[in-house]
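Single-letter residue listing:
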Amino acid sequence: MLVNQFLLLGAVLFCIGVYGVLARRNGVLVLMSIELILNAVNINLVALGSVQGPEAAVAGQVFALFVVTIAAAEVGVGLAIVLLIYRNRSTVDLDEVDLMKG
Amino acid sequence: MDGLDDMALTAAVFLPMVGALAMMLTPREHESDHKVIALLTTLATLAVGVYILFRFDYGRADVMQFDVNASWIEVINSRYILGVDGISLPLLVLSMLICVLVVVYSWNHFPEPHNPKAFLILILVLETGMNGTFVAQDLILFFVFFEVVLLPMYFMIGVWGGEARQYAAIKFFLFTLFGSALMILSFLALFFQGGQTFAIAELAAVASDNIPRSTQVLIFGGLFMGFAIKVPMFPFHTWLPDAHTQAPTQGSVILAAILLKLGTYGFVRIAIPILPEAAMAWAPWIGGLAVVGIIYGALGCLAQSDMKRLIAFSSVAHMGYVMLGIATLTDFGLNAAVFGMVAHGLITGMLFFVAGSVKDRFHTLELSRLGGLLIKSPRMGWILGFCAMASLGLPGLAGFWGEFPAILAAYNPAEGLSEELFRGYMVVAAVGTVLAAGYLLWMFQRTAFGTPSEEFAETEIAGMHWPEYVAWTPMLILIVVLGIFPNLLFGLTTDAVGSALAALGGGN
Amino acid sequence: MIAQNIAFAILALVATLAALRVVTTRNVVHAALYLVVVLASVGALYVLLAAEFVAAVQILIYIGAIVVLFLFGIMLTRATIGVESDLDNDQRWIAAITGLFLLGVLTFVLVESFGDDQLPGLAGVSREELTAQRGTGAVGDAIFSTYLVPFEVISVLLLAALVGAIVLARRD
Amino acid sequence: MLEHIWVIPTVTFVSFWLILFLGKRMPRHGAEIGIAALALTFVLSCVATFQWNARPADEVVSPAGEEVHAEEDPSGGHALGQVHALASEVAVEGEGGGEAGHEIEPIRSAVERNVTWFSLGDVTVEAGTLADGLAVVMLFTVTLISLLVHVFSTNYMHGDVRFTYFFAALSLFTTGMLLLVVSSSLLQALFGWELMGLCSFMLIGHWWEKKPNSDAAMKAFLTTRTGDIGLLVGIVIMFFAAGQTFDIATINDLALTGGMGETALVVGALALFLGVIGKSAQFPLHTWLPDAMAGPTPVSALIHAATMVVAGVYLVARLYGVFWEAFDIGAGGINPIAAIGGITILIAAALAFVQTDIKKVLAYSTVSQLGYMIMALGVGAWTAAVFHLFTHAFFKGLLFLGAGSVSHAVHSFEMKDDMGGLRKYMPTTFATFMIGSVALAGLFPFAGFWSKDEILLGAAENGYRLFELIGIIGAFMTAAYMTRCVYLTFFGRYRGHGHPHESPPAITGPLVVLAAFSVGAGLLNFPGFELFGELTENRVLLLAGVEHHAFEVFPAIVSSAVVLAGLAFAGMLFFAQRLPRGVTARNGLARAGYQLLVNKYYLDHLYTGVIIGSIKGRIARAAYWVNQKVIDGVVNAVGIGSAGAGAWVYRHIDQQVVDGAVNGAGFGAEGFGGILRTIQTGRVQQYGALLFGATAVLALSLVIFI
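Protein chains in written order, with this note's numbering: chain A, 2 to 103; chain B, 9 to 516; chain C, 36 to 207; chain D, 54 to 759.
Keep in mind that the hints are not guaranteed to be accurate.
[Stated by the list, open to error] Pairs of lysine-lysine residues, derived as DSS-like cross-links and limited to a Cα-Cα distance of at most 27 Å, are as follows:
1. K367/B to K413/D
2. K477/D to K413/D
3. K413/D to K263/D
4. K77/D to K263/D
5. K264/D to K413/D
6. K367/B to K264/D
[Claimed, not checked] Between beta-carbon pairs, the in silico distance windows are:
7. W390/B to L522/D: 44 to 52 Å
8. Q153/C to T92/A: 47 to 55 Å
9. P185/C to L12/B: 34 to 42 Å
10. L226/B to A44/C: 55 to 63 Å
11. G471/B to G551/D: 33 to 41 Å
12. Y740/D to T372/B: 53 to 61 Å
13. T92/A to F186/C: 37 to 45 Å
14. G150/C to R63/B: 53 to 61 Å
15. L226/B to P185/C: 40 to 48 Å
16. E187/C to Y740/D: 28 to 36 Å
17. L226/B to E187/C: 45 to 53 Å
18. T92/A to L194/C: 25 to 33 Å
19. T181/C to R63/B: 38 to 46 Å
Note that these hints are calculated values from the structure, not bench results.
For clarity, every value in this text was computed on a predicted model and none was experimentally measured.
Even glycine gets a Cβ: it sits at the ideal position worked out from N, Cα and C.
Generate coordinates for the entire structure from the input sequences, incorporating the hints supplied.
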């Protein structure tokens, strides 16, 4: 198997995720897209780890685990924020959320 | 004592951060605590600066002292290298001093929307960035500090600024970021082509041998964009008047006094020593843009109706002299440039201080509405006049030593540069001194002379406050002292400049 | 080897198509279900890479916990469980261009730098050796020895996220 | 004292700070500090002058440039307490004359003391003092005039809102001039030069509440500053031409011994001379000087008599080696310096006729007299020029202070409207003013006669016949306009309001002192005695071979005759009133009496009659027209033009092209080409798009470039 198989799959998922983050209106969907990005990264970590031999393979896996954990935390907080926005504005449409407008 | 010496620069850079942390932990309501902490922090930093001044070996001003060299990011061989020599020392101390004075001045001059906590923290963060830039001897470290400065300034303009603050802030930010992008590209190119190191000293030794000349010229182009935008040189100057006009007084002062110097300092510290041949190739263009900037800035000043904007345009003209000095690639020119940086920092900083105080009192800086400042507040009026005189390069005041040696150097530029061309530049620069006198006196006449306009005839205008006295006196004294004893600075810089020019074959 | 390659091709195809549906479908609940497919395929890919513990965690945490969270989120925000027309905003094209551009750059870089590099074959390695070198036990050892400090930090982070989520979502 | 001559400017400089910070708390509001300081410097200057006089002639210079140092040690100047050397003056003189043989006479060597100022690279720039005859004579003149002006001002400026500040500025002004005089390096001289520019700005604009005053101040500063372009460039050229030194003595020597490139020398000298034109108000940059009359009268006196405008003349005299060699002054014919000086003499003198403001008459007269000095330098009559500078200081200071005294009485400077017949009311002022006038006109035996005569003689002997003629015409005009001025001010009937009265002693005192000098100063260079020439004679003159011509009777008689003719001509018009009386006599006594009574109308008639009837009047009008319309017009046009150009550039290029390009380059959310502002939508996703896009671009460029 080529290294690039995995890395390119990662790149594809990453870019799909980026598209989702940029193009979706619904806050929950944006969070899902972020999950895609994180998964892409995870694939890269594990694949690149196994290129380098046993020790690196373990390191790659451990990092992937950390990323999974952080993803969980991020979803938790992210959804909480979306909920809060929904409660305050009765919408999860991110176009309406422009408090940072200058 | 050696241990202290090793710590000195690190302390100089990161003490403000410590203060900023302490302030973050202090509740927002305790305004006076914030002021005291900020003042103490800046004073402590200045004390470190004074310590460095005392311990500095003036006989060896051409080598890095107080150097620290620790591993930092090993993957890319970027190291935590700090050091000061005769060129960086004055700028470092100037930066520390200005920060103290700005904090003092802020004591009861917080612009809307007030919030001293955030404002003072920003100033402290700025100080870290500025001090760090002046002592960093590693390109990545330099870049990091260079960028650290950006954000606090953006917020300072964007939050505490005038009506069009968002526009000005974003313009400032984008302009500088654009330059930084090209600059970091050049840094990386140096890294990959110049021997896998980011250390400035090592690069200076090897870069010109390792890199083909045509590539050097390209890399210098990237550095040039990064630094020239910061300076700012014509035609990259348009962010400056907006940023200055919109920024709060303190922001303007820091911007004029220190931030602009980061660009010129970059030329002197990085671009010229590392890529001397490329510098030779670029010098005529830099010199040309510099003199265009001198005349153009002056013309711009003549067209202004707003005092702060006028001073901002005068910065363009004055930095033109600095850049002309740099472009000559001679001892005289570079010394003049460093002197010009310090002098411009003090003088234009003062002018912005005064402009800020005028605005505090009259709530306008429209020249057509001002007048009679000498009647309303005589001392402030005379200080304004003094600064105007210093700014137009009156001999005996600091500004002269930034201008005259630059003009002198242009008569006899480094070997290999066209004498005729630079002599032409010299004459243009000399004409610029008259224009400078013209617009500065015009501004002074409009603001200070005559009688107050009718709308202010009855208004009671407050005299000078004590923070103004405290903040201004050191600068005024320095302007005079440096003007009469230029050797205080020249003695420090001349050896260091010599070593910076060593790559050109002994400079002059 | 061929079997592995075929398996990869199928999984990659499924993952890509499902991911595309995640970001294009007009039904929020469907998006969450497509996400499950993506995550499962990626989990299977981990097995291909001899990372079975990560694969297990992927299934357990992602599909078991995160997707469930999403579904809760969808329900709590009372999104229409059905087709919605305006799930995308008006900068879809910019997003697409950005994404494609990014993909191009990444592909270019990856091809430039890795080219035809092969993953080291695991065929000659015995199962015991493999387990000892990079199995669940090895990962566990690593987490609790080399990466102990980051692990603890992650725990604190989780706690903080927990507290933060509660504070944010609290009703008063 | 000669070694420590730096003390002199330092005293006034300290006085400036003292007045500034303590002045308001003193009983006389700082005036006493200024006067004390000036008195001290005056005494010190006298000491320096005597010491110089007592200094043995120890240096032998031959025109070829080889020099022989006499073996004796110049002990004269080493100790501060060497005032006693005064006693041995005669002995030393005898000694100096005896040794040297009849061809090469030894002269006193200048006392130069330098300290390191700063060093740049391998160039060390020194600052120091250069004391020689020229310097001590100038010191004496400047401190004396300044002292008298200070005394005069205590009364004249009494009650002024900024009395203290005024005295502080006077001190600083004097410091500038003294610094220039004793400078040993050009750079240091530039300090004094610009310091004076600053002070002239402060003092001319002293009453800045009125816009015309501050306008005049700006005009003065900017016009001289325009000349300073040349000065700056000239100094730079001299610095490199002389092998990276600012030292005046070295530059002079090198210029005379051929150590400088020809081109650099000529261009440098021209550039320096531009600075002189600006500062010394020579044609065509003389327009600021009459406007500068907006300042208080004592300031005018100081500017015109002892500081500021004579700085330019002094600079030429100081750097004479450079100018001599660059313009080949020894060869006769015509050269820029003499030409500018000559033109200035005639133009300014003609302008003086049409003024009604007494100070403006004097101002144009100063311009004209400065023209004499410059012309004298241009024709090689160095000693004459310096001597004229010396004598002119006294009688011009006297005239200005006299005008101040008059205005003190009548509260105006308008001769036609507010003066007339004042000789009865102000006898002291009248007497001293008369002395000043005849000295200015150059009547035997007053001071002006001797110096003017030397200039004419020098021009004739050195082959500058044309300029001798100009000088003679100028002398005629000078005599005539001064007659008119004196007549309008002191004779006829009093036309002002109120009751004029003689000024108090603080004002008349200085007048009397100056009058004494105006009478006696010329005798310093009395034929056969020539103390002045001997005092100021220096190395440069000997090296260059500048000759000083002894008094000759015939030219003196000619010039005296011309002056008398001028007096007579104007006298006939004003005092004898020939023309109008002839006209009125035919129309009857009653009408003549009426016309005599209505003085104003009568004078107007006479005035226009004379002006229109005389060619000089026409020339004067034309000159004035040129002055106001063409030269001033050009200055104004340049000012307006550059402001306009600035506005245009700002509006069209800066705000639209450059800024437009910047704004155009900003890519907005709605696609490329939106203006920068629309980026700031506050929508996170747009920021995200920017972020990712930028990252991708950056990454791509990284990939491509590295």
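Which numbered hints fail: 1, 10, 12
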